[in-house]
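K.L.:
So you can see what is in the structure, the chains are spelled out below.
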Amino acid sequence: MAIFKRVQLEEEAEIPTASMADIAFLLIIFFMTTTNFAREKGLKFVLPEKKDQPQELKVKSENLLKISINDRGEVFLNDEQGDWNNLEREVKRRLEKNPKLIIFIRTHKDAPYEYMIKAFDAVKAAGGTRVGLGIIGEVQQ
Amino acid sequence: MRLPRKRLYKASIPTASMSDIAFLLIIFFMTVTIFRKARGLPVQLPYAKTTERILKQRDLSYIWISKDGKISVDDNLVSAKRVSLIFRTKIQENPALITSIKADKDVPYRYVYDVMEALRDANALRIVFSTRKGG
Numbered sequence: 000m001a002i003f004k005r006v007q008l009e010e011e012a013e014i015p016t017a018s019m020a021d022i023a024f025l026l027i028i029f030f031m032t033t034t035n036f037a038r039e040k041g042l043k044f045v046l047p048e049k050k051d052q053p054q055e056l057k058v059k060s061e062n063l064l065k066i067s068i069n070d071r072g073e074v075f076l077n078d079e080q081g082d083w084n085n086l087e088r089e090v091k092r093r094l095e096k097n098p099k100l101i102i103f104i105r106t107h108k109d110a111p112y113e114y115m116i117k118a119f120d121a122v123k124a125a126g127g128t129r130v131g132l133g134i135i136g137e138v139q140q
Numbered sequence: 000m001r002l003p004r005k006r007l008y009k010a011s012i013p014t015a016s017m018s019d020i021a022f023l024l025i026i027f028f029m030t031v032t033i034f035r036k037a038r039g040l041p042v043q044l045p046y047a048k049t050t051e052r053i054l055k056q057r058d059l060s061y062i063w064i065s066k067d068g069k070i071s072v073d074d075n076l077v078s079a080k081r082v083s084l085i086f087r088t089k090i091q092e093n094p095a096l097i098t099s100i101k102a103d104k105d106v107p108y109r110y111v112y113d114v115m116e117a118l119r120d121a122n123a124l125r126i127v128f129s130t131r132k133g134g
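Residue numbers (numbering that gives the first Met the number 0), protein chains in the order written: chain A, 0 to 140; chain B, 0 to 134.
To be clear, the hints were calculated from the coordinates, so they are not data collected in a lab.
We treat Cβ as the ideally placed atom computed from N, Cα and C, and that holds for glycine.
Where hints are given, some of them may not hold.
What the hints assert, rightly or not - Quick partial rundown of chain A residues pointing at chain B, CB under 8 Å, derived from the structure:
no.: 1; residue: M19
no.: 2; residue: A20
no.: 3; residue: A23
no.: 4; residue: T33
no.: 5; residue: K40
no.: 6; residue: G41
Let the hints inform the model, and build the full structure from the sequences given.
P.N.:
In structure tokens form, the structure reads like this:
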């Protein structure tokens with residue numbers, strides 16, 4: 000009997016690894032279904048720092064291009080009415096003429112956000128990197 | 000007499016390394032998985048041609064702005080002033096924070112502008128206007 004017992008003990012010392020793969024695959028399936036590879040997409044922008052004293056930056060008017068969008072979604076370049084379809088070409092042309100150009104996009108407070116993105120997109124596509132964003136009309140803070 | 004036995008022995012598939020392969024895959028998916036933190040608000044994002052992919056997914060924090068000007072951060076409806084407070088703590092936790100603004104394309108611009116001003120107050124300056132690729 001004593002010999003028989005020892006043999007049984009030796010058998011018990013084995014770890015069953017057959018189901019290990021099953022557990023592992025279960026976890027794989029869990030992580031596979033919860034993973035979302037969809038990356039975030041968008042337009043990058045860095046906001047200007049807020050200082051205690053408002054910084055006044057003097058820009059020569061020839062170095063500044065104001066793109067204004069009114070509440071009806073019409074676009075103005077400096078003070079002339081522009082065309083949405085031509086905006087990118089026009090900005091590009093002006094940037095080529097003056098690479099130091101600073102572009103300031105002013106959007107009316109009631110204009111749909113989409114138009115501001117449209118203008119910003121056109122400026123980005125035209126290669127403009129110095130961009131400011133502003134608002135037309137009073138805003139309560 | 001012994002030949003059939005040998006054939007039986009050859010037919011077995013070694014499964015010992017199966018779990019190693021499986022665990023390798025687990026580790027891959029574990030490191031790649033990012034759980035969604037918030038469900039947000041239903042928004043229709045605007046289209047933009049120059050839409051870029053944002054690779055630093057882990058530094059991203061989201062702000063949703065719905066069509067009627069509701070602002071949502073981490074599934075709480077907040078005011079623009081609260082956004083500033085929330086992001087002040089967020090930027091302290093992670094100075095490399097990038098804020099993704101998921102605003103509806105039809106929302107009046109002043110709501111987006113208020114949020115941008117609030118982020119400036121909080122010194123969370125790196126933002127992304129979330130858009131869809133397209134003209």
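K.L.:
If a hint holds in the structure, say so; if it does not, say that too.
P.N.:
Consistency of the hints with the structure:
1. With its C-beta approaching chain B no nearer than about 4 Å, M19/A sits inside the 8 Å limit, and its interface hint holds.
2. Among the interface hints, the one on A20/A holds; its C-beta lies about 4 Å from the nearest C-beta in chain B, closer than the 8 Å criterion.
3. Residue-level restraint check for A23/A holds (minimum Cβ-Cβ distance to chain B is 3 Å; threshold 8 Å).
4. Look at T33/A: its Cβ gets to within about 6 Å of chain B, closer than 8 Å, so that hint holds up.
5. With a least beta-carbon distance of about 5 Å to chain B, the hint placing K40/A at the interface is held under the 8 Å criterion.
6. Taken as an interface hint, G41/A checks out: its beta carbon lies about 4 Å from the nearest beta carbon of chain B, inside 8 Å.
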